[in-house]
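**Student:** Residues per chain are reported as follows:
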Amino acid sequence: MIGLIYNEVSKIVAQRRFLVVIIILTLIAILGALVAKAVHVTGQMMPTTAAQSVNNGISAAAQLLFPFLFAIIMGDIIAGELNGGTMKLLLIRPVARWKVWLSKLIGAYLACTAIVIYSGLLSYVALGATIGFGSFSAPEGGMYNIAASAGFVTAKVYALELASIFSVISTFLLISTFVESGVAAVGLCASLTVFCSVAVAIFRGLAAFSPRARILEYLFFSHWQIAGLGNSSFPFQNWTITGSLVTLAVWSLLFIAIGIAYFKYKDVKG
Amino acid sequence: MSDETAAINAVNISKNYGSRRAVVDVSFSVKPGEVFGLIGPNGAGKTTVIRMLVGLIKQSSGSISLFGHDISHDFENAIRPVGAIVENPEMYKYFSGMQNLKHFARMRSDITDEQIKSAVALVGLTDRINENITRYSLGMRQRLGIAQAIMHNPKLLILDEPTNGLDPQGIQELRLMIRRLADTQGMAVLLSSHLLHDVQAVCDSIAIINFGRTVAEGSMASFTQGKATYRLVVSDLNAAVSLSQSNKWNVVKSIEADHAYIVESTQEISDLNEVLVKSGIKVSRIEGVTRSLEDAFLELTNSSNQGGAAK
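Read top to bottom, the protein sequences are chains P and D. When you line the first sequence up against this note's numbering, it's residues 1 to 270, in that order. When you line the second sequence up against this note's numbering, it's residues 1001 to 1311, in that order.
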């Protein structure tokens, strides 16, 4: 299984678009640090350090940017191999199909997690170089503005983002399993990302007017922004971290079960 | 057909796509050390049969076992001793040849670096194996495909149109390699090809498929050496043809311009000669005609074409 996962990670990393994503994130981190510096210089913001504000960038990116970039690098992880003809060479090895599917899920998860960690580290270094590194034991001074230490909040935001990534990846993998064109799969995943981001904002508004609309809060993408919406205000009122995580987990497991079941019995003709 | 030691034992396999029957009750068996040819016109169902053999698609009915392991119920054990190319061996374009081979090698635990190098050398790619495969010609990609199929020393090699893109020298080398693997290592080989000359040169047995059905199956000799076939040059072609037919000789073809016709039968040709001469027909030449696989193929597929497509 380790060999299979290694294969999947190496295929994602070897593609040019992975490099493009890294370049985009690098530019965004540098730009973000320069903006932070300018804001500090003009005195429009409370003085903070990199340690105190590094979670802000991840929180913002978690809402739309990260899922969109994940769609680009792994949306065709199965569909691309089906219409590219390499899938048949994978499936004539003495490896069960569910292992092939699961290795793609884990490989994509690791690659996407690496992107988020890279982005966080780079933001920290860039911010540190412009506004000072500071201490993670200092109170969090960013958007949450709470008494907890910057290190605790940062760790919490990252942990929630990792849960969100798992849900996003399992959804994209399911799409990639059903669609036989790599380009179409990437397009669908990217479109879904934008749609979900807009839909959650609409759902939030609807829920305020109609209690019945609260059913929408249980949809598979309603809690993708769990990391971006902070400790005190979740996407929807009356939700806890546990409730959001359970919702994400249930949908993820359902998508994994459907994906594996379909992939196991799928006729591979391409 | 129930031989559990057979490399391939396909029994009445069928594949339906909705109401279309792509493959209908195809059965054949391949023994270890045997080179078996699967031939048929384009769209006959050869690739569908091969996809079922390697588990890429599920048969609608029938059973397939490889070395006694059922492909549907014991896939991993069934496919373990198998190496295969199914249609064009597409590889990862962002990897080099070696990276591609190592990628597939990591999917099993029994392939060493030495085995990979040995397979690369066997297909003649040692000098170019570290290049990105976007720089490979079609023939080189085909060779790389063969390398990925043989690097784990399989006991059964399934090759679907392996000569696509190969130059004449490459085709001859592949032919020799297949024969050598079968003769020295006892490897069973299933070869699907539309190049009948290659199939005739390398295969021990064949099955001809048309419209998804097995039209004929047997040893190569049974297709190429069956009935004795002769070409006769005579003074009166129409009378000779008529006389031959009335004496139960099958007239395959008559060539009026040459005053010649071709007959086949299990009878002695001297008997026909005697009949013709006694009837006043001068026979200026009788020569044996070697029956090629192509002759047998065209004859069998033409007769099955009259039967129509699988319904």
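Just so you know, not all the hints are guaranteed correct.
[Said to hold, decoys possible] Stretch-level coverage of chain D by chain P, calculated; a stretch enters the list once three of its residues show a Cβ under 8 angstroms from a Cβ in chain P: (1) 1126-1135; (2) 1171-1182.
[What the hints assert, rightly or not] Within a straight-line C-alpha distance of at most 20 angstroms, the following computed PhoX-like cross-link-like pairs (lysine-lysine) qualify: (3) 99(P) <-> 264(P); (4) 1248(D) <-> 1278(D); (5) 1058(D) <-> 269(P); (6) 1058(D) <-> 1117(D); (7) 1031(D) <-> 99(P); (8) 1282(D) <-> 1253(D); (9) 1058(D) <-> 266(P); (10) 99(P) <-> 1058(D); (11) 266(P) <-> 156(P); (12) 1117(D) <-> 1102(D); (13) 1102(D) <-> 264(P); (14) 1117(D) <-> 1031(D).
[Stated by the list, open to error] One-sided excerpt, in silico: chain P residues whose CB lies under 8 angstroms from chain D: (15) 7; (16) 96; (17) 180; (18) 208; (19) 210; (20) 212.
By construction, these hints were calculated from the structure, which means they are not laboratory data. Computed from a predicted model, the values in this text were never measured in an experiment. Think of the CB as a built atom: it goes at the ideal place given N, C-alpha and C, for glycine as much as any other residue.
**Student:** Now tell me if each hint is right for this structure.
**Tutor:** We went through each hint and held it up to the structure:
For the stretch 1126-1135 of chain D, the stated coverage by chain P is violated: 0 residues have a C-beta nearer than 8 angstroms to a C-beta of that chain, whereas at least 3 were required. By the rule of at least three residues with a Cβ nearer than 8 angstroms to a Cβ of chain P, the coverage given for the stretch 1171-1182 of chain D is violated, with 0 such residues. Restraint check for residue 99(P) and residue 264(P): the C-alpha separation of about 10 angstroms stays at or below 20 angstroms, so the hint holds. With a C-alpha separation of about 17 angstroms, the suggested pairing of residue 1248(D) with residue 1278(D) holds against the 20 angstroms cut-off.
For the proposed pair residue 1058(D) and residue 269(P), the alpha carbon gap of about 11 angstroms is at most 20 angstroms, so the pair holds. A threshold of 20 angstroms between alpha carbons decides the hint, and for residue 1058(D) with residue 1117(D) the separation of about 34 angstroms lies outside it, so the pair is violated. Distance hint between residue 1031(D) and residue 99(P) is unfulfilled; the C-alpha atoms sit about 31 angstroms from each other, more than 20 angstroms. Only pairs whose Cα atoms come within 20 angstroms are accepted, and residue 1282(D) paired with residue 1253(D) is accepted, the gap being roughly 19 angstroms.
Pair hint residue 1058(D) plus residue 266(P) holds up; C-alpha atoms about 8 angstroms apart against a cutoff of 20 angstroms. The suggested pairing of residue 99(P) with residue 1058(D) holds, with an alpha-carbon distance near 18 angstroms, which does not exceed 20 angstroms. For the proposed pair residue 266(P) and residue 156(P), the alpha carbon gap of about 40 angstroms is over 20 angstroms, so the pair is violated. Among the hinted pairs, residue 1117(D) with residue 1102(D) is consistent with the structure: their alpha-carbon atoms are about 10 angstroms apart, no more than 20 angstroms.
With a C-alpha separation of about 25 angstroms, the suggested pair residue 1102(D) and residue 264(P) falls outside the 20 angstroms cut-off, and the hint is violated. Taking the CA atoms of residue 1117(D) and residue 1031(D), the gap is about 29 angstroms. The hint is violated against a cut of 20 angstroms. For residue 7(P), the shortest C-beta to C-beta distance to chain D is roughly 5 angstroms, which falls under 8 angstroms, so the interface hint holds. Using the Cβ-Cβ criterion of 8 angstroms, the hint placing residue 96(P) at the interface with chain D is satisfied: the shortest such distance is roughly 6 angstroms.
Look at residue 180(P): its Cβ only gets to about 14 angstroms from chain D, farther than 8 angstroms, so that hint breaks. A distance limit of 8 angstroms between C-beta atoms decides the matter here; for residue 208(P) the minimum to chain D is near 48 angstroms, and the interface restraint is violated. Checking residue 210(P) against chain D by beta carbon gives a least distance of about 45 angstroms; that is not within 8 angstroms, so the hint is violated. The criterion of a C-beta within 8 angstroms of any C-beta in chain D is not met by residue 212(P), whose closest approach is roughly 42 angstroms, and the hint is violated.
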